[in-house]
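A.B. asks: Heads up: the sequence shown is residues 25 to 556, going by my numbering.
Heads up, some of the hints might be wrong.
Said to hold, decoys possible - 20 Å max Cα-Cα, derived SDA-like pairs, lysine to any residue:
| hint | residue 1 | residue 2 |
| --- | --- | --- |
| 1 | K240 | E212 |
| 2 | K110 | I96 |
| 3 | K123 | G225 |
| 4 | K240 | I109 |
| 5 | K240 | S194 |
| 6 | K461 | W544 |
| 7 | K345 | K252 |
| 8 | K240 | P255 |
| 9 | K240 | S201 |
| 10 | K345 | R298 |
| 11 | K110 | V400 |
| 12 | K252 | K384 |
| 13 | K384 | V400 |
| 14 | K123 | G144 |
| 15 | K345 | P425 |
| 16 | K361 | I314 |
| 17 | K230 | S194 |
| 18 | K240 | A316 |
Hints listed in this document are in silico derivations from the structure and should not be mistaken for laboratory results.
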Amino acid sequence: MGLSEYLVTDDLTILLGLTTASIFLLYNLYKPQPLVHPILLGRQSDVARVRMPGESAVHRNYATGLMGRFTIRPSREIMTVLDLIKPESDAPRSLWSTKISNSHLAERVNALGTGLRLAGLTRESNVLLLLNDSLEFLITELALASHSIPSSTLSSSSLLSPVLESHPPSAIVVEGSLVPHVLELIYELNEFGHHLIIVVGQTDEKILSQASSHAKLVRWNDIEAQGKAAPPITGSAPGPDDVFNISFYRDANNDVRCGHLTHQNITAGVTAIRALLPMSSYLSALDTVISAHSLSTAFGRTVAYTALNSHFPPATVFFLKPNHLDAVVDAIISNAKRSFLFPLAWRHKLAGILEGYLTKESLWDRLVFDDARSIVFGEGAPPIRAVVVSDGSVPASILTPARIALSVPLVIAHTHSLASAPILASHPHDVQTFAVKSDQDLASVGAPTVNIEVKLVGVDDGAVERGDDPGGVLYVRGPIVGRVLVATDGPEADESKTDGSWVSTGDRARVQTNGAFKAWTTAKPIGDQLEA
Numbered sequence: 025m026g027l028s029e030y031l032v033t034d035d036l037t038i039l040l041g042l043t044t045a046s047i048f049l050l051y052n053l054y055k056p057q058p059l060v061h062p063i064l065l066g067r068q069s070d071v072a073r074v075r076m077p078g079e080s081a082v083h084r085n086y087a088t089g090l091m092g093r094f095t096i097r098p099s100r101e102i103m104t105v106l107d108l109i110k111p112e113s114d115a116p117r118s119l120w121s122t123k124i125s126n127s128h129l130a131e132r133v134n135a136l137g138t139g140l141r142l143a144g145l146t147r148e149s150n151v152l153l154l155l156n157d158s159l160e161f162l163i164t165e166l167a168l169a170s171h172s173i174p175s176s177t178l179s180s181s182s183l184l185s186p187v188l189e190s191h192p193p194s195a196i197v198v199e200g201s202l203v204p205h206v207l208e209l210i211y212e213l214n215e216f217g218h219h220l221i222i223v224v225g226q227t228d229e230k231i232l233s234q235a236s237s238h239a240k241l242v243r244w245n246d247i248e249a250q251g252k253a254a255p256p257i258t259g260s261a262p263g264p265d266d267v268f269n270i271s272f273y274r275d276a277n278n279d280v281r282c283g284h285l286t287h288q289n290i291t292a293g294v295t296a297i298r299a300l301l302p303m304s305s306y307l308s309a310l311d312t313v314i315s316a317h318s319l320s321t322a323f324g325r326t327v328a329y330t331a332l333n334s335h336f337p338p339a340t341v342f343f344l345k346p347n348h349l350d351a352v353v354d355a356i357i358s359n360a361k362r363s364f365l366f367p368l369a370w371r372h373k374l375a376g377i378l379e380g381y382l383t384k385e386s387l388w389d390r391l392v393f394d395d396a397r398s399i400v401f402g403e404g405a406p407p408i409r410a411v412v413v414s415d416g417s418v419p420a421s422i423l424t425p426a427r428i429a430l431s432v433p434l435v436i437a438h439t440h441s442l443a444s445a446p447i448l449a450s451h452p453h454d455v456q457t458f459a460v461k462s463d464q465d466l467a468s469v470g471a472p473t474v475n476i477e478v479k480l481v482g483v484d485d486g487a488v489e490r491g492d493d494p495g496g497v498l499y500v501r502g503p504i505v506g507r508v509l510v511a512t513d514g515p516e517a518d519e520s521k522t523d524g525s526w527v528s529t530g531d532r533a534r535v536q537t538n539g540a541f542k543a544w545t546t547a548k549p550i551g552d553q554l555e556a
């Protein structure tokens, strides 16, 4: 039998062959491509080649590199926090439900600054802000900064008594509902007559009249009005290294600490927060931010100043806490399950994630998940393009449901009271799925952010030599880290310099072979709102 007889084919064989080839080509052409190359996810940190005994190697963000310079400003002209209010951009923005333009905001800041100077505050003054998140908080802090007067904040209302006792401020800007409590503490400490108390909002007039004979009480609105009517008082312009805020918080040992944050710390923090999202979709003037983090924390404040670059509602980037993520994901999935197409939609969305791909523009989003998101977020659902979760541990078990429910880049970050931006943050396009062994498994918090370097101290050298991942106490240094003081009862303070020196966060972490970290804090949650 000749070779030609083996090559004889009929029309059906040719048709089947063409069909098979077409299906193969279509499958590969329409198969979703990973959002980020697997090689980049396999090397998320730049790691030093040597390490000290008992420590891990030093890790930096892969995009920065070990020899790269840290960025400290979002743009060349921004030297201080005041420069974040761009005068050339005057479109109205929504801040705490108040529409205000940059020029109007600057006018109110200047008026309040003049009023505060007329009230007797100078560069040597220290002013404690006991305010809930509000436009008044922002205006007050910027007004103080314009005259080089640092503000002081408390990460928790439980710190009020020890701070008043050990670090009595020159003035207190206080929410009206908190006035009775503050006056009671001042009375107990016999500090009447030593403080200027500036009241924001409504409070009991009877209490004000009774306290006025012992302390100087004035209304915030009156100070702003007086400053607006008087000739402007120009303050000495702050520099990048001047202290912008003094932040009181508790460390992992429950000791009261005091962090000094400079203007450069905040501008570097804004730079790091902008870089949490991929370069192709940095935070821009078209974004609007919603944040669950208190302005009384370093991170919450930096998120707010990052949002000064935004103008247009509705919200596009959410900064949430783990409990908010749980609630949002549960609500979206519960509503999506009402559709009979939910099982099929879930399976297709999961298949895309397993391929490293994520989108909210698919057929299954239009048929199932878009309506569920609209029920949860209202009219703000369509523009949402990113979610950042921090200030607590995130269970690994929620990652895949969250990615399917939200279908936008999800960043899991690790923050600290002394840092103005996340220390560690996961890659927004990292949608890898791993087996979850228990409910105690934590989600990865990724690599160091763009302007910080980290290492672990207290590492078991023997375990590392056996191939185990290094684990220990997380140490950090970089321009987003403030200068830390131990707030003591005496006149002295134990100072830990951070200019080029390593600072312990008190948190524990483990670094994986791909350069991403898992971290957890041993301290109690902070950042609660100041409420009566």
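A.B. asks: The structure should be examined with respect to each hint, and the outcome stated for every one.
C.D. replies: Status of the hints after comparison with the structure:
For the proposed pair K240 and E212, the alpha carbon gap of about 17 Å is at most 20 Å, so the pair holds. Taken as a hint, the K110 and I96 pair is honoured in the structure, with Cα atoms around 18 Å apart against an allowance of 20 Å. A threshold of 20 Å between alpha carbons decides the hint, and for K123 with G225 the separation of about 19 Å falls inside it, so the pair holds. For the proposed pair K240 and I109, the alpha carbon gap of about 32 Å is over 20 Å, so the pair is violated.
For the hint pairing K240 with S194, the CA-to-CA distance comes to about 11 Å; that is within 20 Å, so the pair holds. This hinted pair checks out: K461 and W544 have alpha carbons roughly 17 Å apart, not beyond 20 Å. This hinted pair does not check out: K345 and K252 have alpha carbons roughly 39 Å apart, beyond 20 Å. For the hint linking K240 to P255, the alpha-carbon distance of about 24 Å lies beyond 20 Å, and the restraint is violated.
The suggested pairing of K240 with S201 holds, with an alpha-carbon distance near 18 Å, which does not exceed 20 Å. For the proposed pair K345 and R298, the alpha carbon gap of about 18 Å is at most 20 Å, so the pair holds. For the hint linking K110 to V400, the alpha-carbon distance of about 34 Å lies beyond 20 Å, and the restraint is violated. Taken as a hint, the K252 and K384 pair is broken in the structure, with Cα atoms around 49 Å apart against an allowance of 20 Å.
Using a Cα cut-off of 20 Å, the hinted pair K384 and V400 holds, with the two alpha carbons roughly 16 Å apart. For the hint linking K123 to G144, the alpha-carbon distance of about 31 Å lies beyond 20 Å, and the restraint is violated. For the given pair, K345 sits about 16 Å from P425 by alpha-carbon distance, which is consistent with the 20 Å threshold. About 27 Å separates the Cα atoms of K361 and I314, which puts this hinted pair outside 20 Å; it is violated.
Proposed proximity of K230 and S194 is contradicted: the alpha carbons are some 24 Å apart, above 20 Å. Between K240 and A316 the CA atoms are separated by roughly 34 Å; this puts the pair beyond 20 Å, and the hint is violated.
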